[in-house]
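Enquirer: Listed below, chain by chain, are the residues.
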Amino acid sequence: MAELPVTEAELIDRFGPHLNVEPAGGWNAGIDFDREVETHCCFCGQQCGIKLKVKDDKVVGFEPWYDFPFNEGKLCPKGVKRYLQNESPDRLLDPMVRDPGAPGGFRAVSWDEALDRTVSEIQRIQQAYGKDAFALLSGVSLSNEKSYLIGKFARLGLQTANLDYNGRLCMVSAGAAGKRALGLDRAANPWSDIPLADVVMLVGCNVAECAPITTSYVWRARDRGAKLVVIDPRVTPIARTADLFLGVRPGTDSAVLGAMLHVIIENDWVDHEFVAAHTVGFDEVAQSVADHTPEWAAKLSGVPAERIVEAARLWGTSATGMLMHARGIEHHTKGVDNVTACINLGLATGKYGKPGCGVTTITGQGNGQGGREQGHKCDQLPGNRDITNPEHRAYIASVWQCAVDEIPGKGLTAQEIMNAIHDGEIKGLLSICFNPLVSLPETRFTEEALDRLEFYAAIDFFLSESAQHADVVLAGSLHEEDEGTATSSEGRVCKLNAAKAPPGNAWLDWEIVLDLARRLGRERYFPFRNTREMFDEMRVASHGGTADYYGITWEQIEAQHGVFWPCPEIGHPGTPRLFEGGRFYHPDGKAKFFPAPYRPSAEEVDDEYPIWLTTGRVISQYLSGTQTRRIGPLVEQYPEPLCEMHPRLAEQLGVVTGDVVRVTSRRGSMDLPARVVETIRPDTVFIPYHWPGRQAANQLTQRALDPISKIPEFKVSAVRIERTGEHREVHDKRVTTLHEERR
Amino acid sequence: MTVTSPLSAHLVSDQVFVIDQSRCIGCEACVQACEECGTHRGTSLIHLEFVDRTTSTQTAPQVCMHCQDPTCAEVCPADAIKQNEDGVVQSSLKPRCIGCSNCVLACPFGVPKYFALPDQMMKCDMCYDRSSAGLKPMCASVCPSQALWFGTPEEFAATRRGELLFEFRFGNQVVPTKVATVVDRADDGPLDVLGDPGGFRWQDDPFGLAGVV
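Protein chains in written order, with our numbering: chain U, 1 to 743; chain D, 1001 to 1213.
Next comes chain D alone, as it looks inside the complex:
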């Protein structure tokens, strides 16, 4: 079930899912569209959080990163979480899931959700019904700012700034993922999601209040 390189873990097409948190406008189109997906209609599985609305409008969308070696599956006592041949980590198998929420607690990205009804963990499956048929996932289809993006790495390189990063580090655990995030240089490590606008740091004092009483 392990995949050697995320880029070799092709769906039907060569497309990859990319999250660029810096572009998120917090509009919730992804949350609204997720529940329109045919396989879990009426239940939104994507996460969208305000980082700290008091200080910023920064929001963070989180789809499943589809880890190469999914922690959620590793901690599942019922072996209910499976990864398919395309490397997509799926919702728990209903007959096996015991609703223990180990996966909910263990996922480093906080992705799985436990639902009391139907007593089961459900999670983002990259809209497998769509992506396996050559369509973009719902959230990446509608995302107005394209913070959520779906396409080929070549398309990304040709049209967007930044590089794709498929690896995260949580303490000593290195987590290779199928879903990418965007950084200035992939060699430099994880993305600062608050972004660096360059030389003029107005964000430190948006309204020029320093020294004004």
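So here's chain U without its partners, still in its complex pose:
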């Protein structure tokens, strides 16, 4: 019974999103402040350093943190305005239970009542249907300490195998490909290697909007004379001035990347010495791209063959090069293949483990890199250990002081958990830091599934669209209210410092989890009194794993402005660049080539659905928007989803910018204004996904998963588009004019 307790309008009226437009106490409050807290931005894996200004226990502004080496004070608009989330009027201040008679459908209760209810439902469901019938969905905006705690709590507190996280929608394709080929899942390089590259290739990564600080590193390389190559279906802001642009049709990346390898082999730009000394499997991969000619790839991808050849030449003949990829090639049913095709390009040309050389993913979420390493993923235990490996299980059991058999086996992945809820196999759910109703594909399916739960408890700081379906809501903590660590896209472990305590009757997230464990009678496994004790146990648990944090201390992080794992002993300086000397992390020290020949996407266009749809992000919003849709100045930048389309397509449809179009796929339909731009392929439209309900792009996407990583194919759908006849002005309210009224 988890359908909405009251109407959507009543929920929004009580719980928002309402816009917080200025700092607590007004715009002049931040000029005087009591203290500045050095910490990091909560939005994205770059983990930019920032100082939060605090006055009277309220976060009232920010100051650039020039000394933090990654961003040296730089911030994107989300970072600039992240401080406004804290005093949001929507902040949950009490635990609540669903009550259709209460305003907004939820009634504040005591912590005892909320936690007892939750525990009794967990116990009832697990006794009736088995331990695994209760699932936990988590997320990697959580710190390393909380990620570690959640992993342990699922296995030893709830005793369920079914724990997974929203990183399943983020970096799992890159993680799986990296582990398979290189023996390790981490960015190959610190970002300081980017300026040393002679060629920078950005493959399916809109760095200007999704990792904005990275653009300064790309420019530093270009200032030295590096060439920039961008592969993307859209001329993104960083692509605009690129030396070479490959405007690839969604779903054909592996054809283009395979053709590049074909050209490199044909022209003998292969680093034979590196391949022979440090890799296995090259011949099989060479065979797999023998038929991937540039002309063949050009027909599939729409990229002119000569640009594919030129990209291969730049990559193959440059002494140094950095290839960076992100969700653009990873959100596919062949996400692992696409990443593998990138890795193959790096291995074939020896571009690993040297200054200015590497192939690396750009992890999206705040702690996307660290969160997945601490045992937060259905198939992993701390230290990036494998939950099915007997030795790994035995080590973790020794740290946790439990019997090996007490650690459940591999559970379902995030989308599979939602499928199992829909099928009635999973009956109960606890969620934290995950808003599946916005972020999972096929919104209607997710909503049906949530409504079938017998019990749903959500730990949340705002009432997210998913939490609106909960039976119990446990008011947790925001990023700036707790202390811990997060690991950036670079693999740099950073220190998060608390600016203030949670307001009202809200608790720190980990206090809630520890109390649940106690009420479940499992407190013997959770003796923690603070997050530092969790970090210290986590260090030991990670020791000997590939993601080894053992030598890292909070003091060292603060002294060094971050420590790159692996850091296996106290006093070890950390490891900024991986694979130096061609040493990879498989037992034989070698990297493995895997064939990744082109295959079609799960859904292709046809007469009924003739247009490709791809989804993604805009600069001013973050993920499912639970936080950023409440920050007024960010909402003003891009207030609602727009459907980007090329003038050629717009002309066929009879559409101009502002015309509301109906976009329909086999899953659903949505109405939204068009934005007509020449910066997208004419056969493709783009819709950002940050909004819920009738504005959710995921109404259109499908639940097709990569067979290895189980990431959904957000980047390729087939749609049809028609005019609705409605028109409205679309504009960015932040762009200034010469003569304006004061806001």
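You may find that some hints are simply not true.
[Said to hold, decoys possible] If you want the footprint, here are the derived chain U segments under chain D, 3+ residues with CB under 8 Å:
#1 74–82
#2 215–229
#3 443–454
If you're looking for bench data, these hints aren't it; they were derived computationally from the structure.
Even glycine gets a Cβ: it sits at the ideal position worked out from N, Cα and C.
Fit chain D to the known structure of chain U by using the hints.
Expert: Below, chain D without anything else, positioned relative to chain U:
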């Protein structure tokens, strides 16, 4: 009030403000950060425009260029716009400003803004509260791509390509400025902000549509 050379018009340090429009990613961090500046908190004074979003993602940030002989001050009938000893052109003096918007119309860079409340022209003052204390202006601090840059000319020469240009020509009017823009060679005149990527002009046809129906 005139300054002989922009480079001699030092702030407390020897730093100059540089705009390189070609690097702008349109993220609006500058717009968001401008209103966090202590002297005009809540009011953003920087301009950011899409040049033509239909054809390009090119955006153009515009801070005050701090002209040597500011047109805004020259056309002000109330003598309300002053340049300080560091060559920074300031917002109108509230007691003098009559809200006529002459400056808004006359500025060749379109910088001054008239605000009905408090009935006054306000403009970018290079975050004088920060820059006079040795800190970078807010916009140049946060700019992710460093299209907005603040540092010494020596630092610029050592780390960035292009040369600094401190002079603009509008018809017959030559406008020397304190803020620089970036060009390939300063002797060649103003920057083509759309940039020249070199021999391979994919920008003319990003998706290879020529001849494709």
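Enquirer: All hints are to be evaluated individually against the structure, with a verdict given for each.
Expert: Comparing the hints with the structure gives:
1. 74–82: holds (count 7)
2. 215–229: Coverage by chain D holds here, the residue count being 7 at a Cβ distance below 8 Å.
3. 443–454: As far as the segment 443–454 of chain U goes, the hint is violated, because 0 residues have Cβ atoms under 8 Å from chain D.
The structure fails hint 3 only (numbered hints given earlier).
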